[in-house]
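Peer 1: Sequence:
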Amino acid sequence: MSSELHIHNTLSREKEKFVALHPPLVGLYSCGPTVYGDAHLGHARQAITFDVVYRYLMHLGYKVRYVRNITDVGHLENDADEGEDKIQVKARLEELEPMEVVQHYMNRYHDNMRSLEVLPPSIEPRASGHIIEQQELIRKIMEAGFAYEAGGSVYFDVEKFNRHHPYGQLSGRRIEDLLSNTRSLDGQSEKRNPLDFALWKKADPTHIMRWPSAWSEGYPGWHLECSAMSTKYLGMEFDIHGGGMDLLFPHHECEIAQNVAGYGKPSVRYWMHNNLITINGQKMGRSLNNFILLDELFTGDHELLEQAYAPMTVRFFILQAHYRSTLDFSNEALKASEKGLDRLLTALDRLEKLKGGKTSTLDVDGLATRCVDAMNDDLNTPVLIGHLFDGVKWINRLAEGQENLTADDLGKLKFLYSDYVHNILGLRPSEAESAAGTEGLSSGLMDLILEIRSGAKANKDFQTADQIRDALSALGIVVKDRKDGADWEFKEQA
RNA sequence: GGUCGGUUGGCCGAGUGGCUAGGCACCGGUCUGCAAAACCGGGUACUGCGGUUCGAAUCCGCAACCGACCUCCA
877 MSSELHIHNT LSREKEKFVA LHPPLVGLYS CGPTVYGDAH LGHARQAITF
927 DVVYRYLMHL GYKVRYVRNI TDVGHLENDA DEGEDKIQVK ARLEELEPME
977 VVQHYMNRYH DNMRSLEVLP PSIEPRASGH IIEQQELIRK IMEAGFAYEA
1027 GGSVYFDVEK FNRHHPYGQL SGRRIEDLLS NTRSLDGQSE KRNPLDFALW
1077 KKADPTHIMR WPSAWSEGYP GWHLECSAMS TKYLGMEFDI HGGGMDLLFP
1127 HHECEIAQNV AGYGKPSVRY WMHNNLITIN GQKMGRSLNN FILLDELFTG
1177 DHELLEQAYA PMTVRFFILQ AHYRSTLDFS NEALKASEKG LDRLLTALDR
1227 LEKLKGGKTS TLDVDGLATR CVDAMNDDLN TPVLIGHLFD GVKWINRLAE
1277 GQENLTADDL GKLKFLYSDY VHNILGLRPS EAESAAGTEG LSSGLMDLIL
1327 EIRSGAKANK DFQTADQIRD ALSALGIVVK DRKDGADWEF KEQA
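Quick note on this note's numbering: the first sequence kicks off at 877 and runs consecutively.
Think of the hints as simulated: they come from the structure by calculation, not from any bench.
Ideal Cβ placement from N, Cα and C applies to all residues, glycine included.
Cβ pair distances, simulated, as ranges: (1) G1111 x A1350: 54 to 60 Å; (2) A1350 x D1177: 20 to 26 Å; (3) G1021 x H1178: 48 to 54 Å; (4) Q1278 x K891: 35 to 41 Å.
For lysine-lysine, the following DSSO-like pairs were computed, each having C-alpha atoms within a straight-line distance of at most 30 Å: (5) K1211 x K1269; (6) K1269 x K1234; (7) K891 x K939; (8) K1356 x K1229; (9) K1067 x K1141; (10) K1229 x K1336; (11) K1078 x K1067; (12) K939 x K1290; (13) K1108 x K1141; (14) K1333 x K1356; (15) K1356 x K1288; (16) K1215 x K1269; (17) K939 x K1108; (18) K1231 x K1290; (19) K1229 x K1215; (20) K1108 x K1016; (21) K1333 x K1231; (22) K1211 x K1290; (23) K1231 x K1356; (24) K1159 x K966; (25) K1269 x K1288; (26) K939 x K1288; (27) K893 x K1288; (28) K893 x K1108; (29) K1141 x K891.
Assemble the whole structure, with the sequences as input and the hints as a guide.
Peer 2: Written as structure tokens, this is what we have:
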């Protein structure tokens, strides 16, 4: 593929050339978490996938407005008719204000995201802060005749909508199939049709989160917030909407219907969906209760974990698979990522110390082209990483004098690596390493210690030399003897 | 049941009509006081059966198995 960005559009099920609506601006929206619990590996995949989309678009020179919402109201436990709000349930169980629950898990989500080097979005709107906008959209949908009130609640009339606009295009469903598959309600429902979904729910007396409206004191339906908030911040039409594949139906399908019903046209040009993390071949999810929390990964505190994994290991693990493929969790795979990442980052350190020569024996421009092509081909990070490892071999050979690069080419290579590894993939050395760095006190001390050790080695006093190396190893520092002196680095933590 | 997707070597995971993906693990070698790292070399692969083709892991058909969505789920 050439040097233009193509992304797989769920709407067409094909890779399409990306054309921004209003270059250099790009509007990007992705569905954030419902904050009633801690984030697990699946949340990390979603966040990292669209973090890379965000980073890469910026790399290409676009001015991106990235909106990632926080669902803090309206997400029900069950079927829209009988379920209770997830946050309300949690609040009741823990005897907290719903907003205390929201704040608590939102803070923890942000901590997790920071650890994973996920950039904060441009705007992080919360559903509870946009009740007016959501009510306004309901009004528009009702005016257009695609919603009805029943008992103080308002429902979207899917069947009527489908008579004027196709419903189910995104998820590839036909309304007839859906109808024949829905279980029959026992007549208690206010909905005219089982496919209808709630835009506004009347609050029962025990419900804490409630707002006045023309229909009842109540709260908005889950699907509504994304339509209302994306329109508010990105306009009636914007470039990319992302989310996990499990949100495709009904969430995103309903979102499209709401926008078409309320504003007369669909809002999103490119729909992108990341695939799920599996564990023992099965989807990792809250409903299956087989998830591993990010905090558990970072501490190793989970029965399925053989060790703790650094956030960067988790990030690298996720980036080593294409976002549209399932990715199977296993200790073996995580450990392989840990080592691979270490190899990549160590090479990056070595690269910084290299000096240019008179000739070049390697094709840096060719490597750069392969890297761009990989990313332009639907954000193919695993292929990109494969190319970067080709370069790792180069770097190591350069360091050992088996290859040469001119200062000019070396500069290009350094720029390439820092650009892709740091800026686009968002991979950074662990905090212990960057905190100590290669400068400052610890660096000076290490120079001193290694100098003493090298003196001992010169005198064939290997006992002393090994004693120093073992002692440093116990402190988590690895000494590597090279031809021209010794090098050192921190051991991978955990 | 409906719709969609997958099945690649010891593990993870790309790719694609003919050219080594890559990482990890493993084996041999070089270097080294030893070790680590690095470098060089090596083996094991495309679920099965048919078809199209000069040539298929890659396209088509059938079968088996696995999974996702159809209710909440990133």
